[in-house]
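Trainee: What follows is each chain in one-letter form.
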Amino acid sequence: MPPNSVFINAFESVCCAGESSEALFEAICAHQSGIKTFTEFIHDKQIALGKIEKPFSIDEILELTCKKVLAKSNLENFENTLLVVGSSVGGMQTTEAIFLRDHHYANIDPKLHAIDAIAHTLSQHFTFSDDISFSTACTSSANALGYAHEMIVKGVYENVLVVGFDTLSLTTIRGFDALGVLSSRPCQPFDVSRDGMNVAEGIAVLLLQNKPHKESIELLGVGYSSDAHHMAHPSPDGAGALCAMQKVLKYAHVQPSEIGYINAHGTGTTANDTSEANAIETLFGSHVPVSSTKSITGHTLGASGALEAIICVLALQKQILPPNTNLFEPEHKTLHFVNEAKTHRFRYALSNSLAFGGNNTALLLGLPQ
Amino acid sequence: MKVNLEILSSAYLLGVKSIELPHIKELVPQMMTRRRLTKAAKICVELLNCVEQFEGGRILCGSAFGELETTANILNAIKDEQPLSPTDFQNSVYNTAVSYLSILYHNQNEILTLSCGDKTALSVLKAGALKALDGDVLLLLCFETLDIPNIEQINHCIKYLESGVALVVRATEEKATLSLQKSELAGVPNSISEMLHVAQNAPTLECAIIEVNL
Numbered sequence: 001m002p003p004n005s006v007f008i009n010a011f012e013s014v015c016c017a018g019e020s021s022e023a024l025f026e027a028i029c030a031h032q033s034g035i036k037t038f039t040e041f042i043h044d045k046q047i048a049l050g051k052i053e054k055p056f057s058i059d060e061i062l063e064l065t066c067k068k069v070l071a072k073s074n075l076e077n078f079e080n081t082l083l084v085v086g087s088s089v090g091g092m093q094t095t096e097a098i099f100l101r102d103h104h105y106a107n108i109d110p111k112l113h114a115i116d117a118i119a120h121t122l123s124q125h126f127t128f129s130d131d132i133s134f135s136t137a138c139t140s141s142a143n144a145l146g147y148a149h150e151m152i153v154k155g156v157y158e159n160v161l162v163v164g165f166d167t168l169s170l171t172t173i174r175g176f177d178a179l180g181v182l183s184s185r186p187c188q189p190f191d192v193s194r195d196g197m198n199v200a201e202g203i204a205v206l207l208l209q210n211k212p213h214k215e216s217i218e219l220l221g222v223g224y225s226s227d228a229h230h231m232a233h234p235s236p237d238g239a240g241a242l243c244a245m246q247k248v249l250k251y252a253h254v255q256p257s258e259i260g261y262i263n264a265h266g267t268g269t270t271a272n273d274t275s276e277a278n279a280i281e282t283l284f285g286s287h288v289p290v291s292s293t294k295s296i297t298g299h300t301l302g303a304s305g306a307l308e309a310i311i312c313v314l315a316l317q318k319q320i321l322p323p324n325t326n327l328f329e330p331e332h333k334t335l336h337f338v339n340e341a342k343t344h345r346f347r348y349a350l351s352n353s354l355a356f357g358g359n360n361t362a363l364l365l366g367l368p369q
Numbered sequence: 001m002k003v004n005l006e007i008l009s010s011a012y013l014l015g016v017k018s019i020e021l022p023h024i025k026e027l028v029p030q031m032m033t034r035r036r037l038t039k040a041a042k043i044c045v046e047l048l049n050c051v052e053q054f055e056g057g058r059i060l061c062g063s064a065f066g067e068l069e070t071t072a073n074i075l076n077a078i079k080d081e082q083p084l085s086p087t088d089f090q091n092s093v094y095n096t097a098v099s100y101l102s103i104l105y106h107n108q109n110e111i112l113t114l115s116c117g118d119k120t121a122l123s124v125l126k127a128g129a130l131k132a133l134d135g136d137v138l139l140l141l142c143f144e145t146l147d148i149p150n151i152e153q154i155n156h157c158i159k160y161l162e163s164g165v166a167l168v169v170r171a172t173e174e175k176a177t178l179s180l181q182k183s184e185l186a187g188v189p190n191s192i193s194e195m196l197h198v199a200q201n202a203p204t205l206e207c208a209i210i211e212v213n214l
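Sequence order for the protein chains is A and B.
Using our numbering, you'd call the opening residue of the first sequence number 1 and step up by one each time.
Using our numbering, you'd call the opening residue of the second sequence number 1 and step up by one each time.
Chain A on its own, in the form it takes in the complex (with noise of 0.2 Å):
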């Protein structure tokens, strides 16, 4: 029997450049960053981070934001859906928040610590009929999808919804400034003026299922790679994230000269981009168009992988190509950078997320067949 199609059907997103994911496509389009500078996070330090500010807590908007896929999709409920949850710190925000006021554990609900704890948030509002969360720290909604696929693919689930979540917590902002990596002002991706990312908070939620609707977008595959380098630092040369997008390729049997759009990982680190433009310029020559969206988004970590597939199923479905903001003098001048977004025919789309471990993970998305 041939292997199920995957299609998105529907999906929601918020974070610090939109409400939804209409308002950050338009924002992306408009270069209107969401990323703010903050000195309440570090001691005499100001940094740039990408925050959402709304009256709710973090928890009522994921809850809405999967109330809203739910209704845009065919289902009356999730009964006979699979939930994945992608996000690298799962509940630390609130670990943090009760540690720092008490000064010990004793407090800590571990079910609300622990990465499940976005799963046992929903379980909540929702009933899924199994649930399954990936942590593989800014990776982790990339693999949440790959697996939704290949769930989809060997027919065992028709319907699986794919949550990435990620929010701000201390550990993750002091954790890469003491790492060097944090920039002061939003993220410039592949300019040689670049000098650090933007932590960001982000949700992501799609529906993925084995039928297509209108507009559906269908995923294609999902490269998988390890660098077996370097626990925070990619191999120079994108040997990693090279082979993640040679497999994605491969298995969908799509020619690196048919890919009309890359989502770049490009997370403004010196490391991150010069590895992937290697990659990227490998494999792809100057001709694929290539853009980062994080100086809009920020880094939504372990959000980032779903966020980032919401970023190219809404270009696919536009026609329009997503264009880099603050990229003035890239380093790789041969990569063809999208300054402008522009209406673009095109069919396939890749989206790369790269991670701590180096851990790699190739989308590859496309316009149903």
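By construction, these hints were calculated from the structure, which means they are not laboratory data.
Here a beta-carbon is modelled for each residue, glycine too, at the ideal position from N, C-alpha and C.
Please note: incorrect hints may appear among the correct ones.
Said to hold, decoys possible - Within a straight-line C-alpha distance of at most 20 Å, the following computed EDC-like cross-link-like pairs (lysine to aspartate or glutamate) qualify:
| id | chain 1 | residue 1 | chain 2 | residue 2 |
| --- | --- | --- | --- | --- |
| 1 | A | K36 | A | E19 |
| 2 | B | K159 | A | D102 |
| 3 | A | K247 | B | D80 |
| 4 | B | K79 | A | D102 |
| 5 | B | K79 | A | D44 |
| 6 | A | K111 | B | D147 |
| 7 | A | K247 | B | D134 |
| 8 | A | K45 | B | D136 |
| 9 | A | K111 | B | E69 |
| 10 | B | K182 | A | D109 |
| 11 | A | K250 | B | D136 |
| 12 | A | K72 | A | E215 |
| 13 | A | K154 | B | D80 |
| 14 | A | K111 | B | E152 |
| 15 | B | K2 | A | E63 |
Said to hold, decoys possible - Where chain A lies over chain B, by a calculated footprint (3+ residues, C-beta under 8 Å):
| id | stretch |
| --- | --- |
| 16 | 96-107 |
| 17 | 127-135 |
| 18 | 146-155 |
| 19 | 172-184 |
Stated by the list, open to error - A few chain A residues facing chain B, derived, Cβ under 8 Å:
| id | residue |
| --- | --- |
| 20 | Y105 |
| 21 | S135 |
| 22 | V156 |
| 23 | E158 |
| 24 | Y224 |
| 25 | P330 |
| 26 | A341 |
Since the structure of chain A is provided, determine the placement of chain B on it from the hints.
Mentor: Relative to chain A, chain B alone:
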């Protein structure tokens, strides 16, 4: 969908406090490299050394609480207004242990980490069964490293603070010979229990096969 998994090899480690790892110096001879490894990474290295028939393919790993020692170090540094250790931060992600396996053994394959609370071991088996349909041999791992100062403030039921299980599996059409259930050993973390049950009982069978309901 039901998928049967043949258990080709298995191993487990349990410690009421810190697990002794007798071979770690031989397995990671470079002291600087060894010092960077988290306890979970060392447990995974030791487990990998104990199992057979895994020649460096795909790995699925699960842990409910991940790298708890580095997480606690970070929380305490924030509380004390001290700078965070960059090593603690880079080692605090849930995929740290298997990433070190990837680095030490040059494994460039798909390596995923799950964290599903008490259901973690069962979820690793489900994900392993789904992946095994592709026909390859996989390494399934799970661990918990809860032996940190003041853990008694929050832990009231887990006796074995450090634990790890490794299963080398492949899909099979043969009938199940071993039931999939929680370990009967009291005081082990729920998050490793089903995999521990398999590892405890598989060596007693000529051919250990479990049925995993996806």
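Trainee: The structure should be examined with respect to each hint, and the outcome stated for every one.
Mentor: Do the hints match the structure? See the list:
Distance restraint check for K36/A and E19/A: the Cα-Cα separation of roughly 16 Å lies within the 20 Å cut-off, and the hinted pair is therefore satisfied. Proximity of K159/B to D102/A is assessed by CA-CA distance (about 25 Å); at most 20 Å being required, the pair is judged violated. As the CA atoms of K247/A and D80/B are separated by approximately 46 Å, the hinted pair breaks the 20 Å bound. About 10 Å separates the Cα atoms of K79/B and D102/A, which keeps this hinted pair within 20 Å; it holds.
Restraint check for K79/B and D44/A: satisfied, since their Cα atoms lie roughly 17 Å apart, inside the 20 Å limit. For the hint linking K111/A to D147/B, the alpha-carbon distance of about 19 Å falls within 20 Å, and the restraint holds. At roughly 15 Å between alpha-carbon atoms, K247/A and D134/B fall within 20 Å of each other, so this suggested pair holds. Between K45/A and D136/B the CA atoms are separated by roughly 50 Å; this puts the pair beyond 20 Å, and the hint is violated.
Of the supplied pair hints, the one linking K111/A and E69/B holds, its CA atoms being roughly 18 Å apart against a limit of 20 Å. This hinted pair does not check out: K182/B and D109/A have alpha carbons roughly 23 Å apart, beyond 20 Å. Between K250/A and D136/B the CA atoms are separated by roughly 18 Å; this keeps the pair inside 20 Å, and the hint holds. Pair hint K72/A plus E215/A holds up; C-alpha atoms about 12 Å apart against a cutoff of 20 Å.
Distance check on the hinted pair: K154/A and D80/B sit about 50 Å apart at the alpha-carbon level, beyond 20 Å; violated. Restraint check for K111/A and E152/B: the C-alpha separation of about 17 Å stays at or below 20 Å, so the hint holds. In summary, the hint linking K2/B to E63/A is not supported, as the alpha carbons are separated by about 32 Å, beyond the 20 Å threshold. Chain A is given as covering the stretch 96-107 of chain B, and this holds because 9 residues of the stretch bring a CB closer than 8 Å to a CB of that chain, at least three being needed.
Check result for the stretch 127-135 of chain B against chain A: holds, 4 residues qualifying (beta carbon to beta carbon below 8 Å, three or more required). Here's how the stretch 146-155 of chain B fares: 4 of its residues keep a CB closer than 8 Å to some CB of chain A, so the rule of at least three is met and the hint holds. For a cut-off of 8 Å, the count of residues in the stretch 172-184 of chain B with a CB near a CB of chain A stands at 0, and the three-residue condition is violated. A cut of 8 Å between beta carbons decides the hint on Y105/A: the least distance to chain B is about 4 Å, and the hint holds.
For S135/A, the interface hint holds, the least distance from its beta-carbon to any beta-carbon of chain B being 4 Å, beneath 8 Å. Among the interface hints, the one on V156/A holds; its C-beta lies about 5 Å from the nearest C-beta in chain B, closer than the 8 Å criterion. The interface hint given for E158/A is broken, as the beta carbon of that residue sits about 12 Å from the closest beta carbon of chain B, more than 8 Å. Hint status for Y224/A: holds, given a least beta-carbon distance of 4 Å to chain B, under 8 Å.
The restraint placing P330/A at the interface with chain B is violated, with a minimum CB-CB distance near 28 Å, outside the 8 Å limit. Among the interface hints, the one on A341/A is violated; its C-beta lies about 34 Å from the nearest C-beta in chain B, farther than the 8 Å criterion.
Of the numbered hints listed earlier, those contradicted by the structure are 2, 3, 8, 10, 13, 15, 19, 23, 25, 26.
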